[in-house]
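Chains as they are written, first to last, in the numbering used here: chain A, 1 to 618; chain B, 1 to 227.
Note that these hints are calculated values from the structure, not bench results.
Check before you lean on any hint, since a few could be wrong.
[Claimed, not checked] Reference listing, derived: stretches of chain B covered by chain A, where coverage requires no fewer than 3 residues with Cβ under 8 Å from a Cβ of chain A:
#1 81-94
#2 202-210
[Claimed, not checked] Below, computed lysine to any residue pairings styled on SDA-like, alpha-carbon distance capped at 25 Å:
#3 A/Lys-337 / B/Ala-23
#4 B/Lys-172 / A/Leu-4
#5 B/Lys-172 / A/Thr-19
#6 A/Lys-82 / A/Thr-529
#7 B/Lys-150 / A/Glu-560
#8 A/Lys-3 / B/Glu-118
#9 A/Lys-3 / B/Leu-122
#10 B/Lys-188 / B/Ser-207
#11 B/Lys-72 / A/Leu-4
#12 B/Lys-104 / B/Ser-207
#13 A/Lys-222 / A/Pro-561
#14 A/Lys-82 / B/Ser-207
Cβ atoms here follow ideal geometry from the backbone N, Cα and C, with glycine treated the same way.
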Amino acid sequence: MIKLEPEILQAVEKPARYTGQEWNAVHKDHSQVDCTFALAMPDVYEVGMSNLGLKILYEVLNRREDTVAERVYAPWIDMEQKMRERSLPLFSLESFTEIGKFDFFGFSLQYEMIYSNVLNMLDLAGIPVWARERGEDAPFILGGGPCVYNTEPICDFFDLFIIGEGEEAISELAELFIRWKKEGRPGGRKGFLLRAAQVSGIYVPSLYEPRYDANGMFSGLKVLAEEAKPVIYKRVVQDMDAAVFTEKPVVPYIDIVHNRIMLELFRGCSRGCRFCQAGIAYRPVRERTEKHLRELSRRLVDSTGYNEMSLTSLSSADYSCLGGLVDDLMEDFQDEKVSFSLPSLRIDSFSIDLAHKMQQVRKSGLTFAPEAGTQRLRDVINKGVTEENLLTAVAAAYRQGWKQVKLYFMMGLPTETDEDIIGIARLAKKVVDLYQEIKGRRGVKVTVSVSCFVPKPFTPFQWFGQVPLEEFERRQRLLKENIRDRSIQFHYHDARVSVLEGAISRGDRRLGPVIYQAWKDGAKFDGWTDLFKNEIWLQAFEKCGIDLHFYNERTRSLEEPLPWEHTTPGVTREFLCREYEQALKEQLTPDCRRGKCTGCGICPNLGVKIIDWGEKDV
Amino acid sequence: MFKYRAEITKGEEIRYVSHLDYAGIIERAICRAHLPAAYSEGFNPHMKLAFASALAVGVTSDAEYMDFELTKPLCQPEVFDRLRQQLPPGVQLRRLKTFSGKHKALMAEVELARYEIEVPVLGDSAAVQPALDAFNQTPEYVYHRVTPKKTREIEIKQYIASPLQGEVQDGKLRLSLDIVITQSGSIKPGEILAILQKEFSLPVEESQALIYRRALLGSGRPLIDLV
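Only chain B is shown next, with the shape it has when bound in the complex (with noise of 0.2 Å):
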């Protein structure tokens, strides 16, 4: 088999999809463009494709990764063109690079992602840096993810991977926060907004906020230059 990764996006067209039907509009994608893709064996084959990270409805990336593969060698330049002419709006192929051998599955390599949150300050714009502060002085903070079947404590703190830093432009802020991402678990940039707001009053209402992914990181390198 022929291993290839590739550097893509979620834009703003595709915003509100989610990560299960991203991965369809790849797929379909790769089909369009009569790549030879590699599939399971098995009673259900489906298409040898793997992402580094889900990324939840809602929010946009610059820098999504997936390996794929095909049972074909076909050359990078040609992968390239013909994929990159039958991705739909909001899925642009950034990079691509061919690689073999074992290697660690993306999943497993990525540890960081970084985010910009862009939100509306509802109000007076003086009281924002002092929430921040509060919040990247606080040493730790459990926080209760409600989902339909279940609520988890979690504590936040040791997936926040640097100060938050926020600045205030035309009543807007924008906030960048880098996040760790585990095996194990990881927090959501949504869900801080929303501790943020309540938590440390923050004057912003999250349901206003455009989150957009700007990296993913393993080896504090972009995961394709680790192949």
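Excised from the complex, chain A in its bound form (with noise of 0.2 Å):
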């Protein structure tokens, strides 16, 4: 057990992030449990709070009584600089027992410049980085999350993988290691591993090779083990009002990133916007009943003690009973004081209605995402949204009393000419003259934030060539000059972080060592923009050989064999294909919640099936 001095927790940034004890933590007695997991976000505190997905987990093992989940999370620079002058190691938060010790250590990948973080965390645990290094003794390093869908990059430091959603398989994973450790561990470590290998979704790095040519181009994978399954599909909960749900969430002392109840409406989303990978990686769509979600909300006030609920999905306002249930939430919850937001609203006036219902009072911002600044490349995309949508929203907007209106776009999509950029900072102009038109006077801010395009493994945009850096900046250099209405605030990301996203999200193993490299030389936290040293990054790819381009920027043919595509959420390769030409070809393809299959084949592929409670009443 770590214990803390008084003159270590004094000396840091808010020490109640290293302190637990948290109503709701789950404390068990680790010698009255088969087995124990620490459920790690390589990401500070109040970030690895925030994240669903974890608590839904730690909620799922900690239900079972043979099974003990604690939480860690990434100490900030200035707690690891104390611990590694103390030699002091990573430690749970529950029982403050060295990640070391226990039988799996598993991290949430939300995103790529978070690995750096992992290995981190890896060597302040003292767990060797590279998982070939590892002794019988350590934990079984365990990943999960978004980034699934390429593990390459990083596969080398882990032992295993669940692709996919984590909640059946992580149970299935701790039931099969009480059973090996009770038959006495046969085959050790690798005998583990190859038996997790024929679990549903669970893919084991080292049991597979990848092969290059003689050009160094990757042209597939060697499947080293007969136990190892050539393609790994994803996991999907079938059943969403089954499915066990976080109804005790770890409330925190001290502020955190979503410091409130969030209620999972429904997973997936069939829009089939072509630059997004989580339309692709959570389809189907599979909603809850509203009397489940009902029943949910109660348990989880009652639990937390919150006053704020966010209705979260990919696209809230999507949910088929979204009216009725809030509606029946707002009554439900009146003398509670208990006030209710949606994350993202569609550009449409029925979500205006509804977030003026939910907000009775407090006008914040509204966020609306056209990702585009032209029809022609809204199409590209397939955003099914045009001008019109987004003006009569926003006039709706106006007429309720909202008075700023924040606009996301992309910058980098394929075929993008200056035209299109220079059409982000025209629609921005409409939205602001339009406040004039309808409130008779100025005073409307309208905040436009642009981010660089990064194409994604699993999308039909995956062959597509990333924007070079130089060119990202001069078409943000281009959409400034054109930004001249001082109501109009322009953010946008650096597009250094971006490119390097770009090779990482679509690179292959032999990125490994250049994450490494880069660790071993500082980079840690590159997601903060304080933090972030791209010198860094570029002398690693340097040191390692590795061409930066050749993953980023190039485009790849139809034909050429991808690194990630044995773990897959179900897609074919088809379906992407046929996108991406009907992307060139500026044609719509519409969402098939309630209108015909577009045939992407995660449905068959995975046997499973749409589930949305509007139709059924219709």
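Fit chain to chain and form the complex, with the hints in mind.
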């Protein structure tokens, strides 16, 4: 058990990040269970504590009598320094047990630029960062989360991954482990991994070996053991009402990023935006019933005491029974002053009315995501939204009293021209002018936030070469020059981060040493603007003799084998190719949620189906 | 509205929680207890919850006081039991009283905070008493409080209610100090320890100190006895 002296805690920022004891935290005697999990987010406490996936897994595992799950997050740099000075190993927040003593050490992998923190946490825990160097006593290092649709750049640091939704698979893994342990650990570490590889959705990277041709092109994956499946399909929970949901989330003592109840209405979004990985990764749409959501809400408010609830999903406004649910919830919790919010709004007046109803009084900003500045480009990306849709929605918002609008766009989308960039400025200007038209006065604030597009695996744009750094920066300047209205605030991302992300997200196993090198040279918290050190990364690529541009800027041929295709959300290559071609033809593909099947292949490949309660009512 | 005053603690488990976060902890506990809390009117209603004196990050307390209002006249034992069950580790409900009528705000009632500081003595413990004596004998001492925004000059002896008393046992100094709290300001026990260390050669390291608030008094009595 690790004890933290006051002089450590008093010397670091926000010491309550490290002291645990929160409401609903689960404390079990490790000697009374057969399997111990340390669940980690390789990011700081306030971010990690806000992750819904980890909350669910924490509850799933702790509901098992034979298993305990505890939490651990990346210590902030000041705390890391203290820990290294005093050789204090990484510890869990419940029992202050050294992480190296757990059976499993699981990481939620939310985005690529946090990989350096994974290595840093392994190192802080005293665990060899390379999987092949781990001894029999080391925990099994497990990965999960959205990054598993290309694990290759980091797979040499992990023993196994869960592909897809983890709430069922992680429990199966615990059972498998307990059985193996009780049998006397036959075959040792490798023996367990061979068994795990046979569980649906589990990927054991050491059982595969990538092949490259004479030109250094990835040519395929050799399967090294007969237990290993050639393709690992993601896990999907079919019945969301039956799935374990977090009912007793840990309530932090300090403020965190999302310090409220998260009620997950449904999973999946099949609107089919062609840049969007989540849209493919979480298919098909599966809704919870309204009845179940009301019950969950009651239990969540009772168990936490929160007076704020976010109705979360990829596109919450698409929930088929949303209007009724919101009415019912507002009535249920009227006396308790619980307020509700939607994390994202659809661009239509239904959403505005709903937002108006939900935040009766406080008119904080409204956020819309047109994603591209011209109709042509919005058609390329299959964002089924017109300028008219946006202006109608914004007009409705102005009439309801809002005077702050945030618009999200992407830059560097396939086929983008200067005309599309200037289109962003034009659209923003129209949104500003509309306020004057409706209200007869000035006083609106429009924020234009533009990120740099990163092509992602398993999207129709996975073959597309990313825009080079200099070109991103030129387009940012172009847009800046074209925004002249003082009511418009322009925010853009550091393109240097986006091009690195572009390389890593479509990388292969040869990037492992680059990530290792960058970490060795001091990379950590790369997703944090003030801690990101671009030079370290560029030098790491150079030191390892790896060409960054081969990974981010190169347009792949449609025939080329892709290094990530074996851990799949179940979408077919044919569908993605078809969508790529439709994109170039500026043709739209409709949502399959209530319309006809668009043939992505996920439902038949995984044996699941869409669950949409709206259909049933009609 | 029906008013209640509670005496609660801030324990070791939540030593490093700020005053604002501490208030949030209590608010959520009241919600979980399903007490019919009264809220302020207006666009952004918040629970009617008032504390006596903010407690710094890193300081525990045996006796914090808060006033809150309910919309229904629940009897004292019921409120006590329901709230107590929902308090997290680190917060204990020690006493609870109902009161009515106009009453001075808690913040206006508090006059004195009693603290105890526990800190390892580095080096010669014979140097402790002379340091405390020197401090006690100084008629006034101007401290420069540096915040990110500005530096303020504060004469601190006006806030020291009685001479500091220290006792060394097993290499640890236990220092008792009574600090005057006024509407216009006060001084933190940590600040006094830092001054003792830097200006009066007290052989300790401020960062190793544990600070406990032992009492909050108004008219010489615990604040809960004022209602």
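Next item on the list: With a cut-off of 25 Å on the C-alpha distance, tell me whether A/Lys-3 and B/Glu-118 pass.
Entry: Status holds; Cα separation ~18 Å.
Next item on the list: For the pair we were handed, B/Lys-172 and A/Thr-19, check the Cα-Cα distance against 25 Å.
Entry: holds (24 Å)
Notebook entry, point to check: CA of A/Lys-222 to CA of A/Pro-561, is that 25 Å or under?
Noted result: Distance of about 13 Å is within 25 Å: holds.
Note to self: Please verify whether A/Lys-337 and B/Ala-23 have alpha carbons no more than 25 Å apart.
What the structure shows: Answer holds: A/Lys-337 to B/Ala-23 is near 17 Å, not above 25 Å.
Next item on the list: Verify the proposed pairing of A/Lys-82 with B/Ser-207, using a straight-line Cα cut of 25 Å.
Entry: This hinted pair holds, its Cα atoms lying about 13 Å apart.
Notebook entry, point to check: Taken at face value, is the distance from the CA of A/Leu-4 to the CA of B/Lys-72 at most 25 Å?
Noted result: violated (44 Å)
Check: Per the coverage rule (Cβ-Cβ under 8 Å, at least three residues), is the segment 202-210 of chain B covered by chain A?
Finding: holds (count 5)
Check: Under the criterion that the straight-line Cα-Cα distance not exceed 25 Å, is the pair B/Lys-172, A/Leu-4 satisfied?
Finding: holds (18 Å)
Next item on the list: Would you mind confirming whether the straight-line C-alpha gap from B/Lys-104 to B/Ser-207 stays at or under 25 Å?
Entry: violated (37 Å)
Check: Is A/Lys-3 close enough to B/Leu-122, meaning Cα to Cα at most 25 Å?
Finding: holds (21 Å)
Item checked: Given coverage of the segment 81-94 of chain B by chain A, checked by CB-CB distance under 8 Å (3 or more) -> holds (count 4)
Check: Is B/Lys-188 close enough to B/Ser-207, meaning Cα to Cα at most 25 Å?
Finding: holds (14 Å)
Going down the numbered hints, you'll see the structure goes against 7, 11 and 12, while the others check out.
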